[in-house]
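Using the hints, put the two standalone chains together into the complex.
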Amino acid sequence: MSLDDESLLGTYLDGELEPEQRRAVESSLATDSRLAEKVQGLSSVRDLVANLSRPASPDVSPEVMRRVRQALLRRRPWTLDRRARRWAAAGLAASAMAAIALLPLLSLHHHDTAEAPFSAGAAHHNPPSGGNSPRPDLPADMVARASHPASLPVNVFGPADTPSGVSAARAEQATETDDQERVRTLLDDPHLRRVFLVADHIGQPAEQHVASLVERTTHRDYFKITVSQGIVIDPRHPGKATVFAVVLDENELGPFRDRLKKAFSDRLQEDDVNPAVAMQLADIGQVVSFPAHPIGDLTIPRSNLALRAPELGEPKNPDPALVAAAAELDEPTAEQERSSPAAALDRSEAIKQRAGGAMANSREPGDNVAGAPAHAPAADDDRLAHAGNSRDPRQAAAVAPVQGGTARGLPRSDERHLVVLVWIAGTSSG
Amino acid sequence: MEASNSVMTGCQDDHSLVAASRAGQTEAFGVLVRRYQDRLFPTIVRLVGSAEDAQDVLQDAFVRGFEKLDQFHGESSFYTWIYRIAINLALSGHRKSRNRRFSRLNQPGKNQPVVDPADRSPESDPSLALERLEREAIVEAALGELGPEHRAVVILKDFDGRRYEEISALLNIPVGTVRSRLHRARSELRVRLQSLIDQERGRSTAVSRLVASRRSFEPMP
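Chain order of the listed sequences is C and A. In terms of this note's numbering, the first sequence is residues 15 to 444. In terms of this note's numbering, the second sequence is residues 3 to 223.
It should be emphasised that the hints constitute simulated quantities derived from the structure, not laboratory data. Heads up, some of the hints might be wrong.
When the alpha-carbon atoms are kept at most 16 Å apart in a straight line, the in silico EDC-like pairs for lysine to aspartate or glutamate are as follows [to be verified]:
hint, chain 1, residue 1, chain 2, residue 2
1, C, K52, C, E20
2, C, K52, A, E190
3, C, K52, A, D200
Computed from the model, here is a short list of chain C residues facing chain A with C-beta under 7 Å [stated by the list, open to error]:
hint, residue
4, L49
5, E51
6, V53
7, G55
8, V59
9, S71
10, P72
11, R81
12, L282
A virtual CB, placed ideally from N, CA and C, is assigned to each residue, including glycine.
Isolated chain A (complex conformation) (with noise of 0.2 Å):
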């Protein structure tokens, strides 16, 4: 009874609930479901290019964790198991799909965010966020735009954070590979957002100004 208490509050270790998700206890599974969900969909958005193809790669994923629970060994943390699994379904399974949601975003006119405008952090100024959007939009397009090794390279270096030797570990090539589709992609974007970039640099070379101006009227010390 504790322990499907335990189950029930999520208090269980990963382990733990492996262990009973492969003696039958599927609501143990749940539970890590529920525990790793948030952290892999953000990844697999900007992999898959939409908000609806991602959250049917993440179901995918905890099926097959599931089904694959056995040659779960412990030699790794279960998210990184299930990340790994959610990433090569990602980068395989949905690749129509993806080029498909892609191409669509491509289309003049149509560069709508993957991500729904409710899901995203609140901004308080609406003009902000409309312009945070836009700006978003922009970016998903450009990331439409690269073929998917750069852009999946692009995505788990610069959205996801992963350094080159997990990368290299994640889809299987070399690191020296990892690095030089990271270059391509990276001077892809760099020149479909040069207007973006050249606006950020404006908007921060005028913030600079501003604290530069500032500190000129501070009084000396």
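Excised from the complex, chain C in its bound form (with noise of 0.2 Å):
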């Protein structure tokens, strides 16, 4: 037998021969000595590696469970690279930093969405005319390129489930730690089922009606994730990327698509995502999150609370903050009002959230806005004055913790993309 062959004798030894060639062994060992010392040998050698003793373990429960938990916190920070590139790849700006928002509603009640309240909220002011003032400070080609948002990567997902993360239930016990893992416990369904993507070249009021329009259509908490530059990774989209992620129900999703699509219309882009590229979300940088009540007074749109909530009240009297911020509105130019009626939309929904004197100190006076309810509540007026005179009170006071001052200086014009991410509720498909 040759030295290949006596390869043959281990396997021989651990029973995984061919009938056909363990006979030959067979045969082979009785008629050589040598070979039969040779098998004798290496099966001594694995009867000492086999009775090596086997220590029981110590419980590593503890310590894993301490870093799983630690890692739901602070999202395995060794694939920051490649998610962040992922991410700049979908055309989202990304950075090591990013702020997560809560923004649980104030009003749980859940309305009937066949009521249609953009509509009839939109009905409720003209849309601004093209008399309008242009806007200097919004270069024609920023218009058309944020007419065509990038896409995030697109691909399959299997069927709906419940989604896990996000109940109904209220946070009012919820610590700190608890909403983080909320939103980590939510971005890591893997059953994310849509996502909308608006492009957003007008800054704050689109977010805010993208909000209330969130926040008209479910009925549960819902988060919003702003990933802000501070490692600029795609120089062509060097502003910001803001994350709504909700879970609908399903007949809700329909509703949600249609008021997206009135308001935003060409600048809405509807798709099925990877679930992963929600886990990356919670990847990225380190993740800040803010107790829930405060940011949720704080972010919750005026104009809805006002439909929703009218035990809240109507303000006193108009916040100087409130005016401030819609002097600072600037009129969209002629150009962009044909591009994007719904940064009309967005204006108008803008003004109107700052209704109150408002109108006395607005630079719109072509704006019908008269109709208009003053319902902007006063805790509101509160925070917004705490949180200066951004124009947007809630994108201040969400980043003002991480980046200090950065996000209020963020030119208005500054590409940003506002994305939808959809988990639905229930076993349906669609």
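Structural data, given as structure tokens:
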């Protein structure tokens, strides 16, 4: 038997030879004492290794659980670069710093979506006319670029299941850690169903608009994640990406889509999306979570509160900050109006939300906001004042703790993408 | 509440626990950890060469498993899945540590067993226990002198009882390579452990003679 064949001795010992080979080896062993000696030696080696002691494990579960929980809070930092790149590839600005702002709804009443509150609300005021003064700070190419939003990676995923992370339960007793875990659990839920992208070249009003549409549609808590630039990976998109994460019932998806379409028309893109994209979101940099209540109060669009939570009352006095915020809303250019009618709605909606004393000081006398109710809750006014004169108090408040004043200094013409990630509750497909 | 109790008592099957873990119930994953850590630990100890490093690998494996839980689709058992993760970690991430550990073991006079004597099964006779410890230290040292690839194969086969196909899949090498590496590893070990083998053989021969001599005194039926 050759040296190569001798490897068969071990295989024979392990019982992994074909019957024919096994018979051949047995025949050799019967006639060759040297081979028999080798087999015996190999067998002894095998036994020595096999009989090594098998110690019981120390209980690693406490440490594993600690690290697992920590990992839930600080998502896989070693994958930052890859994930960040993928976001950049998706046309989103990504950064090493991400602020996650929790925007729980104040109103938990499941409103009747058939009421189409957005449509009704939009009817209260006319879209701004072409007579608005031009907006010098918005380049035309920016407008054109923004009308072609980049797409997220497209993929398919399994059937929807009940999202586990976000329930209708309020987070009143939840700790900050609980809130963070809820966000992460939702982002990690593989049953992400739809993604809506809105190219936003106007700035904050569109974000408010999307937020209000999300709020009107869902009766659950929802989340807003601000991916802010700290390290600009894609220089073509130096702006920010604001992501809303929301769980909808099946019957809420249609109305939500309709509202988005109505509001943003060609600036809206809808797609299936790889759930991994959402998971990646949780991994971008250090995550900062805000206590649910203050942020929730801070970020509720006032117009909706007026419609749905009248018990909050009318504002006693227009807040100077609101007036300033309305005054700062520049009028869109005519070109902008043409390319994106929703921008006008954004702006009208924003003005509407800044109603109260805003009318008197507004630089848009042509806007028909006279019929809009003055409904900014005093509580919001206080927080708005606290947030300073930022055009978007929510944005400023959400980002300021992380970035300092960076967000406030963003030029209004920043190109951004508003992303709405939608999970569908229940098991039906669609 | 019932589900929670089941988690606490560890009565749920693996797939239920995986599903619960995915849903954010980290305590369900804790049950899986406690369920399988004892099965995984010995092999990792033998692969990395020390209980301390093995503990690190085990923790890393479970944490990695939790991170990748969405990639577990149930085609195999959870144990098989986490076993693969643990083995890969033991063979890759901790290679430097392992080599350092084994090289230290190979120093003369420092052939201490990787397992604390308190961990091993009790032996009634202290001299036998000591002898066993010494024997184990010699085997460990011989394993440490093997190259990592050969050591992995012989441990997965002879210590862990994996079949060639399984080792092939685990190490991502052809079955023929498994066979040849195993033969090479055993042959090297046979040379290094020859004195031990002779002792064992001598002992078994003595036992055989004793049995034979007793038989010779047995009355004929």
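**OP:** Hold the hint about S71(C) up to the distance rule: shortest CB distance to chain A must be less than 7 Å.
**Re:** holds, 3 Å
Subject >> Per-residue hint verdict: V59(C), partner chain A, C-beta under 7 Å >> reply: holds, 5 Å
**OP:** Tell me if P72(C) is really an interface residue toward chain A, meaning its C-beta lies closer than 7 Å to one of theirs.
**Re:** Interface hint status for P72(C): holds (6 Å vs cutoff 7 Å).
Original post:
For the pair supplied as a hint, K52(C) and D200(A), is the alpha-carbon distance within the 16 Å limit?
Top reply: holds, 13 Å
Original post:
Against chain A, with CB atoms and a cut of 7 Å, does the hint on L282(C) hold up?
Top reply: Violated, about 29 Å.
Original post:
Hint check: is the beta carbon of V53(C) less than 7 Å from a beta carbon of chain A?
Top reply: Result: violated, 11 Å to nearest chain A Cβ.
Original post:
Is it true that the CA of K52(C) sits at most 16 Å from the CA of E20(C)?
Top reply: Distance ~9 Å between K52(C) and E20(C) Cα, so the pair holds.
Original post:
Are L49(C) and chain A close enough, Cβ to Cβ, to be under 7 Å, as the hint says?
Top reply: violated, 13 Å
**OP:** Take a quick look at whether K52(C) and E190(A) sit within 16 Å of each other, Cα to Cα.
**Re:** holds, 12 Å
**OP:** Let me know if the C-beta of R81(C) comes in closer than 7 Å to any C-beta of chain A, holds or violated.
**Re:** Holds. Min distance 5 Å.
Subject >> Restraint outcome when G55(C) is required to lie within 7 Å of chain A by C-beta distance >> reply: holds, 4 Å
Subject >> E51(C) as an interface hint toward chain A, with CB separation required under 7 Å >> reply: violated, 10 Å
When the structure is compared with the earlier hints, violations turn up for hints 4, 5, 6, 12 and for no others.
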